[in-house]
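Residue numbers (the working numbering), protein chains in the order written: chain Y, 1 to 376; chain C, 1 to 376.
This list has only true hints and no planted wrong ones.
The list treats identical chains as interchangeable, and a pair is accepted whether it falls inside one copy or across any two copies.
The list that follows gives simulated cross-link-like pairs (lysine-lysine, BS3-like), each with its CA atoms no further than 25 Å apart:
{"#": "1", "residue 1": "228", "residue 2": "200"}
{"#": "2", "residue 1": "24", "residue 2": "69"}
{"#": "3", "residue 1": "142", "residue 2": "19"}
{"#": "4", "residue 1": "331", "residue 2": "83"}
{"#": "5", "residue 1": "111", "residue 2": "288"}
{"#": "6", "residue 1": "191", "residue 2": "138"}
{"#": "7", "residue 1": "138", "residue 2": "338"}
{"#": "8", "residue 1": "83", "residue 2": "288"}
{"#": "9", "residue 1": "325", "residue 2": "354"}
No lab work stands behind these hints, which were simulated from the structure alone.
These are the residues of each chain, in order.
2 protein chains.
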Amino acid sequence: MTFTIDRDTLLNNLTILQKGLPNKTPLPILTAIKFDVNEDHLLLTSSNTDIAIQVFVDDKSLNVVKAGKVAIPGRYLIEIVRKVNAQKVEFQLVDDNLIIIRADRSEFKLKLMDVEDYPEIDFLDLDQPVVLDSQLIKTIIKETNYATATNEKRPILTGVNFKYNNDNLYTVATDSYRLSQKNIKLRTHSKTFDIVIPSKSLDELSKILDTVHEDIELYINPNKVLFKMNNILFQTRLLEGTYPDTQRIIPQEFPVVIPFNKEELLQAVERVSLLSPKDKDTNYNIIKLNLRPDHVVEISSTNNEIGDALEEIIPSGTVTGPIIKIAFSSKYLVEALKSFSSSEITLNFAGEVKPFVIKGNLDQDLLHLILPVRID
Amino acid sequence: MTFTIDRDTLLNNLTILQKGLPNKTPLPILTAIKFDVNEDHLLLTSSNTDIAIQVFVDDKSLNVVKAGKVAIPGRYLIEIVRKVNAQKVEFQLVDDNLIIIRADRSEFKLKLMDVEDYPEIDFLDLDQPVVLDSQLIKTIIKETNYATATNEKRPILTGVNFKYNNDNLYTVATDSYRLSQKNIKLRTHSKTFDIVIPSKSLDELSKILDTVHEDIELYINPNKVLFKMNNILFQTRLLEGTYPDTQRIIPQEFPVVIPFNKEELLQAVERVSLLSPKDKDTNYNIIKLNLRPDHVVEISSTNNEIGDALEEIIPSGTVTGPIIKIAFSSKYLVEALKSFSSSEITLNFAGEVKPFVIKGNLDQDLLHLILPVRID
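Can you make the complete structure from the sequences, with help from the hints?
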């Protein structure tokens, strides 16, 4: 097996495959990237217990002298290609378990793993994909994925629920203390589905989408979903179980609505959090919001050991409803505000012990909900 | 005690004082910054077991309504001033143990520590300072400090030796595997001295010198040294003991001299190190350098588990002397090369089992030495 390829092209593709390499694995062969070298293209594969990635490379710089299959230790290979200072890289199999990589005046001999050990990966390829724009998927991930649970008490909550029916895509993530939901109308027509994608897989997919700008086909079966791009297949397992019905916890009426400049609110909350005490249960900073009769909003925290912090904010528009006092985790509000594109947002309150909702003027399909905490 | 001051001015000064705050301390009062508020200036102090810093602030924005002394929790104060979005900050003592900090619409009440508990710090103020340019001190720190020992087996080696006599300043650092030395002629005339400054203190001083461009007076006694700037006093304890005589381990004759472009050598060494095995004793990567009869230099590493790496480098000028093979830690060579300003350097060899020396065309006063390792 012998071929040469442009170094930048190879590195860009390896960077995508890196996201499929396991951090640690009981199956050492998975630390390798599988190279399937054909006459006019490469097929490169990486995989772990959650994700499998396959990249099709037919760059015009590719020159295959002799076809073949090898499994090259992934992280070493990527480091080498990243560090070499050359326009072209040459790969040459010298015997069954040794490959020479040449680039300018650098030469690396890497021991190979047995390519026959590499598991066959069964990429879905069914009919009737759902077609989504890559940037829409990236936006949905940014808007929802941070709200998934990080602990494994309820495994189903460590993923984002994607539900499709009647041309509507409903996505929701919650860790049971806060919730983020995005519902949009799609032009595509497909079978209905209701799946939960692991948060970590969405993180890796999002990084790949940084460099991909095209329509993406989703192929779904009960255990996994395949995101099919022009040259990249990204497949992830799905979480098993039924996602809870979150609709019933979202209040429908909001007697109090306060509009804010997002950046101003964000900065005030971050300052108040500097001194705020930790909530014992969730280990997050608890702050208080107080709408005064003069419609100035006070945000404050009290820490018996350190001291107090108080911020006054003038709402950015007309306040609706009576005065209100409510306490909640500042971390939740900060993360939620950062997920909004809008510069103007509203806080919508249903009552002092009911969840409150954040909406943005430019994020019409997005809703964020935070549960308050009771304080004395 | 009540005063107002420009927020940026205060933050810049607090950032300097931060370098004197202890990471952890058995003496809680040292987590505070001492404010000595006088009619027309502030005197701010921080200190830990190694370092004491005092800053004199007479900025024209300072407006003292009432003088006084307080000890304010340092890290909280700095975080607050860093995060507030205001042009001016106001401090007001409300009772003996509570201060209010106001900035725009933010208000913080911080509990104070008892200022009477703050230790009296005895800043040296003797005759006959040594006067050094701040950028010269910064350069010396950059060129030597990284070569100090990080483990405490021989405490004296965790500092840099500064020795002055006959108008010459000799500085040297070594961890007993490599050594960095800078000797320069000074215009100043002072008493001779021979001191060892802790590496960590030099790190903190170097950060302060990023923003200071002026002559600095050094006052020295057997236990400590004071760096006196216009508005900043930086005092550090000295290491006790006699610094070893390092002159005798520096070879005087170099039969082999190889010139390199520094960047080219650095990149080749970093690439070869990707696969190089770890030396058991020092945990650093061992690589081999081989001057071939055709005067091409090979740099290589062998790792029985992963594979081999080989780089060829053409020296950047005429090579002197016979062929040579030598092995050493790549980490030492990488760190040394990065400390040189020169784009052209020479490796100077006294023999295959003797220390070799690095010099730079633009770093005439600087010498770096690395001990080779024996390999089979």
